[in-house]
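K.L.:
Now for the letters of each chain:
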Amino acid sequence: MNSRLRENRDFWPLLLASTASLVAVLVVAYVEYTPEWRQRTEVFRTYLKGRGAYAAAATVPTDVQQIWLPALDRVDRCISCHVNYDASISTLDDLPPLYRSHPELPYLAKHPFPTFGCTACHGGQGYALDEASAHGHVEHWDEPLLTTALADQYGLTRQQLMEMRCNTCHRRDDSTAGTDLINMAKEIFDKKHCTSCHGLLGAGGLAASDLTYAGDLNPEYLDFSNVEGPRTELNWQIQHFKSPQQIVTRSGMPNYRLSNDQAKALALLMLSWQRINYPPQYLPAPRKRPASVLPVVRDVPYPPPATAPLAQQGRYVFMNRGCNSCHRVGGGNLIGPDLAGVTQRRNDQWLTTWLKDPAAVVARSPDLQAWSHEFGDIVMPNQNLTDDDVKAIVAYMKEFPSDQATPGARPGTN
Amino acid sequence: MRARLSRLWRWITWTWSPASERESSSAIVENLWLHWFPAKIAEEAFTWRYSLWLGAIAAFLFLILVVTGVLLMFFYVPSTQSAYWSIKDIEYVVGFGWVLRNQHRWAAHLMVLVVFLHMLRVFFTGAYRAHRAANWLVGLALLLMTLFLSFTGYLLPWDQLAFWAVTVGTNIAKEAPIVGEGLRFVLLGGTEIGQSALVRFYVLHVVVLPAAVLVLFAYHMWRVRRDGGMAVVDPASTPAAEPGRVTPAPAKTYSLFGVTPGTTLEVRAARPRGDDTAVSSSPHLVRRLIFVFLAVFTLTIVLSLISGAPLEEPANPTLTPNPAKAPWYFLWLQELVAVTTLRVGNLTVSGGFIGGILVPGLLVVIAVLWPFLDRSPLHTVGRWFPRERRLQNGVLCVLALIILVLVLIGLLMRGPYWQLYWPWQHWPEPPQRL
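One line per chain: the protein sequences are G and A, in this order.
Its first residue numbered 1, the first sequence is counted upward by one per residue in this note's numbering.
Its first residue numbered 1001, the second sequence is counted upward by one per residue in this note's numbering.
Worth double-checking, as some hints may not be accurate.
Straight-line C-alpha distance at most 20 Å; calculated SDA-like pairs for lysine to any residue [stated by the list, open to error]: (1) G:K191 - G:A208; (2) A:K1325 - A:R1225; (3) A:K1088 - G:P144; (4) A:K1088 - G:L72; (5) A:K1088 - G:D130; (6) G:K110 - G:P70; (7) A:K1325 - A:P1314; (8) A:K1088 - G:V138; (9) A:K1088 - G:Q159; (10) A:K1088 - G:L69; (11) A:K1088 - G:W68; (12) A:K1088 - G:W141; (13) G:K192 - G:P144; (14) A:K1088 - G:D389; (15) A:K1088 - G:P70; (16) A:K1088 - G:V28; (17) A:K1325 - G:E220; (18) A:K1040 - G:R9; (19) A:K1088 - G:S243; (20) A:K1325 - A:H1109; (21) A:K1088 - G:K356; (22) A:K1088 - G:E36; (23) G:K110 - G:Q159; (24) G:K356 - G:S243; (25) G:K356 - G:D389; (26) A:K1088 - G:S133; (27) A:K1088 - G:R9; (28) A:K1088 - G:V75; (29) A:K1088 - G:E143.
No lab work stands behind these hints, which were simulated from the structure alone.
Start from the sequences, fold in the hints, and give me the full structure.
P.N.:
Spelled out as structure tokens, the structure:
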């Protein structure tokens, strides 16, 4: 009973610990009860009172607001800060940007807020309630808010960037009002007959990758070593459309010499093709005209072997540039004509001019225009061949003078 | 006025000072929550420096985990469709949800650490010898259960971090000979991590394992008293006792708190040196426990305010994050797996068996057998780092240090493709979509 421990020597530590835990609990309560959105609505209330709109100020909500969209698997709490999004609180002019209502846009009637919410078109993290997380410019959120700053990185406007989201629903439209860039991309996609090689929605060729869900490509699987600019999938797609071989060495995809706008449009189209299961009532009625039936590449035949060294070089170029995706040497037409005996039909001079710039030759010759009609109006893409490449290919062609099928030229054999 | 103020002060500070020893003992034995403590406790067992109160800290962490966990259960949905989004709701709109989740996460990490440190303390003080071997085994079981509790909880957010950490963990388990594949199948309810794995982990995490820990914890505490209190007050450890000659502990009997007549429960006496160095559990022990609880509680809150529990992208079985890491307390095993994987030409010998099964299996077997193999003199029991136990304490120090270093390497220095990076070096940024 004489122990010194009977003295109350734990008093100060205990007082310290209880004070510390009380402070900790108070800090937690403070953080909980002063969220960003509450401060924002408070500012709005004060602002409205300052402009004399007392009745409007009283209607500013004091709790979390959300648009719940079970059909889209989304909940958009954006409107906890953007409380006046539907002009239900105030219609005053010159409100601060956060409190302005959504502009009256022609397509808004068909896309009402209670059915579509915010993030379905704008991107961002609808679950979140603080600005950084809600706008989605944070780690571990793949769907950031489509802002002007983000669009600027690609030389696009915000509206153009948002066309990508429009097309997640409207992908089967032939063209959609208001999405000029996507419409342009769809036209190019049709004109260049991309589905001759690429698969799309269960149809199309097998020579190149299936593009049905091209927008779900994992950016980590892309090679960025030759890509200039931001290390993003959108930028990769833009650069790849402009110059496939520069991004993917030995790519079989033709270089269509697309303009910047065309490349951006196609890249946005690719990123819009995502696997998102929208319920049927959200999807627009299909308005696509029946596509003309075109030949598609289901098998890429190996070209017949060559003997002379220059011809062997020519065969290499022939395969490397993907010529064999469209042309066979003996065995009949594919996307393009059979090339066996081509050196008997055309002289070297003509072949050289043709290989250097096919479109120019077609433009000059009505006969060729008529002939290419047989091939679905597909004009051979300019492959930017060097003089050496052209010589080698012509040498290679010369090894197959007759129209007769060459034994080694059957599809699928080497 | 002065008297009033002093009364008010006493009322606020609520000082409990029992008038007699009997009153003090009654306060312990008549209270459901305190009756499992002894009425008096030896000063040596009461000090901070002997036990570091690690067991008490672990118990309070468990209490915090149970309370926050039960609250979280009201909001969490154990389905692959909803789990991730219910966590998002807990983070953003459930009242105090963010702090509950952060506190649960931090308390879980701390509990793994503290239980491990508690085991080290018991080893370094030789407190597992002789009749205490049984409680050492119970303690080992509690350590493994703590690890498994944390591991099952890791999957529940169903994000990339959860999914791939559990993938790494269960793939290591697969390397066990004969039983490995079957074990993984039973644990996951299939061959892949999906809905059945999630619900199994959930039930293990919220019912089976906590219940088992609670039962074992009760036994652990009861056993401490049955074994005569903490080892530091063991008669064998008193300086008077000669090496090799153990004074038999005088048996002491207690009435069964009036529940049944008679004095049948025999308990080893813990105080060979008389009552003069003992303190009453009420209020001294209780006050210290309150202090420890408040300190632990405050620590978890402060950590929760500083750093939140992570939540990555929703789980995606087709997209492996680079690098994919196991939970931190298994990272030393993942590190061993990675470095013991041998490549000779085209031949690859998986390190999964060595790093994932052999090393941890051996460590557990040695830990189980050690109380029966240990030949150090019994009078060293209850003292920190005695000379006679230099070798085995040294070996454990080195082992613990190796584990620590491997965990730190795995945690801080392993970047994409499991390449080594210095902590101050930047990893290459993964490309983004937009």
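K.L.:
Would you mind confirming whether the straight-line C-alpha gap from A:K1040 to G:R9 stays at or under 20 Å?
P.N.:
It holds: about 18 Å lies between the C-alpha atoms, which stays within 20 Å.
K.L.:
Tell me if the straight-line CA distance from A:K1088 to G:S133 falls inside 20 Å.
P.N.:
With a Cα-Cα distance of about 11 Å, the restraint between A:K1088 and G:S133 holds, given a limit of 20 Å.
K.L.:
Is the Cα-Cα distance between A:K1325 and G:E220 20 Å or less?
P.N.:
holds (18 Å)
K.L.:
Taken at face value, is the distance from the CA of G:P144 to the CA of G:K192 at most 20 Å?
P.N.:
violated (32 Å)
K.L.:
CA of A:K1088 to CA of G:D130, is that 20 Å or under?
P.N.:
Cα-Cα ~13 Å, so holds.
K.L.:
Please verify whether A:K1088 and G:S243 have alpha carbons no more than 20 Å apart.
P.N.:
violated (41 Å)
K.L.:
Between A:K1325 and A:P1314, is the straight-line Cα distance small enough, at 20 Å or below?
P.N.:
With Cα atoms ~16 Å apart, A:K1325 and A:P1314 stay inside 20 Å; holds.
K.L.:
Checking one constraint from the list: CA of A:K1088 to CA of G:K356, max 20 Å. Satisfied?
P.N.:
Status violated; Cα separation ~58 Å.
K.L.:
A:K1088 and G:V75 were given as a pair; does the straight-line alpha-carbon distance stay at or below 20 Å?
P.N.:
holds (11 Å)
K.L.:
Hint check: A:K1088 vs G:R9, CA-CA at most 20 Å. Holds or violated?
P.N.:
Between A:K1088 and G:R9 the Cα gap is close to 46 Å, so the pair fails against 20 Å, i.e. violated.
K.L.:
Within 20 Å, alpha carbon to alpha carbon, are G:K356 and G:S243?
P.N.:
holds (17 Å)
K.L.:
Need the status of pair A:K1088, G:V28: alpha-carbon distance at most 20 Å?
P.N.:
holds (19 Å)
The structure does not agree with the numbered hints 2, 9, 13, 14, 19, 21 and 27 stated previously, though it agrees with the rest.
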